[in-house]
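Asker: Chains as they are written, first to last, in my numbering: chain A, 60 to 704; chain B, 60 to 704.
It is worth saying that the hints were derived from the structure and are not from the lab.
We treat Cβ as the ideally placed atom computed from N, Cα and C, and that holds for glycine.
Any given hint could be a false lead.
[To be verified] Examples of chain B residues toward chain A, derived with CB under 8 Å:
1) GLN229
2) ASP431
3) ARG516
4) PRO556
5) ASP677
[Stated by the list, open to error] Covered by chain B, according to a simulated footprint, are these stretches of chain A (three or more residues, beta-carbon under 8 Å):
6) 115-129
7) 151-159
8) 504-513
9) 529-536
Here is how the chains run, residue by residue.
Number of protein chains: 2
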Amino acid sequence: MAFKKITLTDHRAGSLDENTHRILTDGARTCRRWAVTMTTLAGSGHPAGSLSSMELYLATYAFANVTPDNTSSFDRDYVVISHGHTSPGAYAALAWLGFFRPEEAVAHFRQAGSPFQGHVERELPGIDWGTGNLGQGLSAGVGFALAQKARGVDGKVFVLMGDGEQVKGQLAESRRIAVKEGLTSLTALVDLNGIQISGTTESVMAADIESLWKADGWDVISCDGHDFQALFDALVAAAERPVPTVILARTVMGRGVSYMEGIADYHGKAPSGELFLKAMEELGGNGQWLEELRERRKTSLPEGRHLGSYPIYLEAGDARTYGNDKKTDNRSAFGTALADVAEHNCGVAGRTPLLVFDCDLAGSVKVDGFADRCPQAFIETGIQEHATATVAGAASTAGVVSLWADFGVFGLAEAYNQQRLNDINGANVKLVLTHVGLDVGEDGKTHQCIDYIGLLRNTFGWKLVVPADPNQTDRATRWALSNWGNICLAMGRSKLPVVTDEEGRPFFGAEYRFRYGAVDMIRTGSDVTLLACGHLVHRALAARDLLAEKGLSARVCHVATPLHIDDGDLLKAASTGAVVTVEDHNVNSGLGSIVAQRLLLLGKPLAFRSLGVTRYGDSGPSEEVFASMGLRGTDIARAVQDLLR
Amino acid sequence: MAFKKITLTDHRAGSLDENTHRILTDGARTCRRWAVTMTTLAGSGHPAGSLSSMELYLATYAFANVTPDNTSSFDRDYVVISHGHTSPGAYAALAWLGFFRPEEAVAHFRQAGSPFQGHVERELPGIDWGTGNLGQGLSAGVGFALAQKARGVDGKVFVLMGDGEQVKGQLAESRRIAVKEGLTSLTALVDLNGIQISGTTESVMAADIESLWKADGWDVISCDGHDFQALFDALVAAAERPVPTVILARTVMGRGVSYMEGIADYHGKAPSGELFLKAMEELGGNGQWLEELRERRKTSLPEGRHLGSYPIYLEAGDARTYGNDKKTDNRSAFGTALADVAEHNCGVAGRTPLLVFDCDLAGSVKVDGFADRCPQAFIETGIQEHATATVAGAASTAGVVSLWADFGVFGLAEAYNQQRLNDINGANVKLVLTHVGLDVGEDGKTHQCIDYIGLLRNTFGWKLVVPADPNQTDRATRWALSNWGNICLAMGRSKLPVVTDEEGRPFFGAEYRFRYGAVDMIRTGSDVTLLACGHLVHRALAARDLLAEKGLSARVCHVATPLHIDDGDLLKAASTGAVVTVEDHNVNSGLGSIVAQRLLLLGKPLAFRSLGVTRYGDSGPSEEVFASMGLRGTDIARAVQDLLR
């Protein structure tokens with residue numbers, strides 16, 4: 060049994076020598092035994108697709124410059140497994156190639172706390188993207204290839220896929236981005252076993268797979284997916300073609316185990332008892348290992364990799380302070396800060412490349428200034444949000460910083476699941492949502508992103524900043540670009556005045572330092588606290604003036620980071636004993652609900668009301684839309700009076 | 060000026076007579092003036108695409124059997140406008156055809172409270188689907204065509220689209236569903252003006268549009284999109300082809316206004332001042348109307364249609380009661396109830412057709428029993444969730460009930476925006492999410508739907524039911540199928556015991572009637588209230604037993620409808636003065652946060668703690684995964700003791 064990787068990079072031109080072919084063929088049988096055994100031991104998993112993909116796994120990982128020693132580096136090839144449920148096959152192949160010990164994978168498959176999860180995850184070396192939600196792997200591959208290109212790395216990217224997922228729309232989006240960006244380093248491999256859960260691919264949802272790839276400008280190579288010689292020939296040919304290439308590999312579902320071959324039933328079912336033994340026998344082994352492994356399963360779990368951060372070398376530049384002589388929209392303040400960062404870093408040696416993605420809205424979301432200064436790092440992906448989200452996410456784990464700016468509805472509501480998976484994958488995306496809230500105005504309810512807090516609150520890793528004015532936007536933008544992690548900035552459409560302190564100086568001015576989690580105390584007050592998010596701080600300030608006329612003293616605080624509010628800051632803000640939250644967001648899922656839950660958990664009883672969006676809003680000028688939603692300064696003042704009555 | 064609809068249905072074979080051609084050509088100029096004027100008056104909007112689509116709008120609405128008199132009926136043709144931002148063009152064409160008065164549309168465009176919104180919405184007669192999020196219109200068209208087929212209506216469906224959105228993946232998914240389902244009644248029309256916001260379609264994201272449609276099995280007709288004769292010829296030809304057909308209509312962006320023609324800048328910008336007058340002059344009119352309209356804009360708003368419900372005729376059958384002799388998973392109880400409903404209604408005259416959608420998971424999500432009994436109403440759409448969500452949504456507004464069952468992650472997280480748009484469109488989808496929560500077990504974190512409450516909480520219309528056991532699942536399924544609206548049922552994967560009352564009889568048994576909003580009081584108690592959601596009621600019951608050993612009396616209540624909890628029920632449940640919420644959901648965005656916000660708003664101070672999912676979970680058997688998350692009965696009991704200490 061050979062545990063060491065067989066590097067075939069040098070074998071491009073020639074045919075496999077007899078010895079290598081024999082080692083690989085034997086290896087495939089060994090791997091098949093491991094893959095089946097792990098599903099039997101776990102009592103679940105996906106054996107049949109693992110068996111059909113086995114030669115694809117072995118050939119790809121053998122061909123790719125991905126080794127147990129280089130997986131922590133960016134300067135290597137990348138392999139994405141899009142059909143993540145065939146994890147037993149991937150784990151077996153990786154174990155055989157020495158990425159980890161086979162007995163660990165087999166014994167601890169699908170066990171709570173083990174990195175050998177049901178679907179492949181990045182915690183394992185050799186796995187570059189956690190998948191399982193189908194149709195998304197090619198987007199990740201595109202992201203890796205873009206990152207390599209931005210870093211000037213001469214690497215290749217391989218994406219293995221199932222055939223059932225070929226009909227998923229996101230996949231086609233990724234194909235087009237690959238061709239547009241000239242990602243010739245990208246090779247896709249499709250396991251054409253012809254069977255998905257509910258039956259044949261032909262019967263479930265027929266698709267002319269070859270024509271679809273060709274229509275998007277890819278080269279297509281067809282081959283026998285169980286023939287190592289054919290696979291290596293295809294991999295070599297694909298690497299040399301002038302356009303991205305897909306290898307359509309004909310395979311047999313369940314290959315190697317007679318009762319699984321061509322049977323949809325074993326898509327997601329593990330064999331047990333006699334059937335397990337029969338499988339082992341047919342695969343040239345026996346089942347004796349099983350009991351030993353069963354005992355090993357009770358021992359301590361292997362550890363996975365920690366998906367940590369890495370240093371980002373970007374010069375954020377000096378903050379700009381906008382005066383209160385004219386209004387500026389937060390979008391423009393963001394765009395200007397981003398252009399500053401381009402100015403300081405674009406083309407400068409030693410800096411972390413920054414890729415900026417746009418879905419046909421550059422002028423509106425203000426990334427055009429960046430595009431002018433750094434055109435080679437500006438990626439226009441068209442109206443293809445699902446792919447863009449994953450492309451940006453994957454690239455950001457491979458040595459670049461990704462920034463994607465889009466309308467809130469498109470960047471988050473439409474691509475929510477992709478952003479969730481970016482979080483699970485420990486990515487480093489800067490997601491800039493513009494036109495959020497009712498402030499999108501005339502575009503109306505289909506475009507009102509009134510759920511950005513509520514959506515990201517479902518994740519555990521995303522940070523969110525909702526700046527109050529152009530000055531805070533400027534600082535938050537520079538902060539986000541120089542700090543690790545998935546960070547979302549959300550801002551409306553309208554031009555805003557600068558928030559000032561009691562003396563009329565910019566509140567978020569020269570002295571201000573952005574601190575994630577802080578509550579900004581804009582105005583003191585003793586009767587009630589108006590806790591506002593984003594641009595609604597201006598309406599809260601208007602309400603404060605109206606309340607003063609009634610003899611009420613309102614404290615105005617701004618929460619820029621609704622997902623993570625510093626407890627000490629919150630309690631200090633709430634010390635008036637009456638809190639009214641104000642937000643341009645669904646009142647049920649935003650700041651109001653977060654503050655309520657936190658205050659109750661902190662055992663802080665007080666008078667409480669939450670104001671925000673209570674129905675889908677109208678289409679009209681922002682001011683009209685806010686008025687009809689009851690979110691003018693007068694409405695806020697009235698709610699405070701009601702609460703204090 | 061002709062306001063009455065020119066029915067061209069009879070003109071299939073022949074050419075347009077001279078008079079009709081002249082009326083239409085004059086009409087197009089008139090409509091262009093109206094479209095431009097409404098953007099000028101509103102100071103925003105999308106004139107150039109409206110002008111390129113104008114003949115497409117007029118020809119389609121003239122050709123389609125959609126009249127001011129029949130829009131409330133299902134027995135007619137449907138027209139979907141996918142590029143919803145070209146609303147000025149659509150409103151002008153509809154006004155010219157008598158659907159409403161042109162001065163109302165022109166005066167009240169993009170005004171808060173007006174039905175003439177920035178993007179087309181169903182509140183206007185003639186608009187069958189509210190859009191604006193691009194790439195989704197064809198899915199709606201597929202839904203309407205499926206509904207017509209299910210109802211036995213000999214109608215046609217037309218979908219107008221832009222060219223920028225042709226690269227959106229969901230569109231390709233819809234193409235395939237159309238071909239698979241043999242929807243020959245479907246005609247798509249693409250406005251090929253070659254320009255999108257950021258420049259030419261070729262430069263933003265090139266696509267071989269014709270090849271893409273052909274690869275998915277559609278017939279393609281190309282024609283001049285400003286030539287009525289060519290358009291009618293194409294519409295007639297498309298209607299007669301044996302497969303779904305797309306008309307690729309070459310147009311000129313901004314057609315008819317010299318300074319807009321072929322200019323990307325006027326995608327989303329209204330002309331004003333001299334430019335407006337120049338446009339009017341070139342379009343054979345003058346700008347005098349503007350002032351009159353400006354005055355009219357100050358008058359009372361026109362009213363839109365109310366998106367109400369309509370009666371559903373489905374026999375829900377008798378509830379089944381599962382005994383406590385064996386465990387059953389909620390999925391199976393749902394599937395059995397659904398099969399019962401099929402048994403009672405499938406093929407029965409006078410019943411509302413029920414369409415059941417599946418994305419390659421029929422056996423897992425238990426819709427296979429329905430498929431066996433009612434194969435003609437079972438729509439297998441493959442791994443294409445975005446399209447499926449919209450298809451199901453649109454169909455459900457056109458005289459059928461749509462049910463889509465899928466894993467939670469795919470049916471909601473992946474298709475969140477589509478479900479949001481279904482809500483905005485007032486649809487009637489029954490969304491059954493299985494395998495939600497950590498209970499998905501071995502599939503691991505990418506498959507853990509721990510956000511279904513948090514996601515739907517962002518919407519205003521969706522209802523959500525999370526049943527506690529097979530009996531409640533049975534009743535909730537029958538309730539959902541016989542009641543109007545977007546209703547989601549969420550359930551885990553595992554087999555569950557039956558919840559019993561204190562005497563050991565099924566709690567949700569013969570006497571039980573499902574009431575939306577109710578809190579189910581499972582066990583009395585006086586020291587603390589355990590408020591559990593879904594299957595965690597079983598763990599709460601286990602905790603109760605452990606607490607009893609410590610001398611603590613725990614009340615156990617179940618919240619099946621976390622989005623809408625009856626205030627009276629909640630206060631009654633919480634009367635112990637200490638509440639611990641327990642859920643198989645992200646603890647930040649689910650039951651705990653809803654209850655906290657509500658209790659604080661109700662001014663109910665009490666001791667509070669929320670238990671749930673606090674990080675992405677592990678991959679392993681459910682019980683192991685819950686244990687590692689701290690959600691066993693012992694963990695719950697310990698948390699209660701901490702709280703009461």
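Asker: Against this structure, judge whether each hint is valid.
Answerer: Hint check results:
no. : hint    : in the structure
1   : GLN229  : holds (5 Å)
2   : ASP431  : violated (13 Å)
3   : ARG516  : holds (5 Å)
4   : PRO556  : violated (21 Å)
5   : ASP677  : holds (4 Å)
6   : 115-129 : violated (count 0)
7   : 151-159 : violated (count 0)
8   : 504-513 : holds (count 6)
9   : 529-536 : violated (count 0)
Taken one by one, the earlier hints fail for this structure at numbers 2, 4, 6, 7, 9, listed in ascending order.
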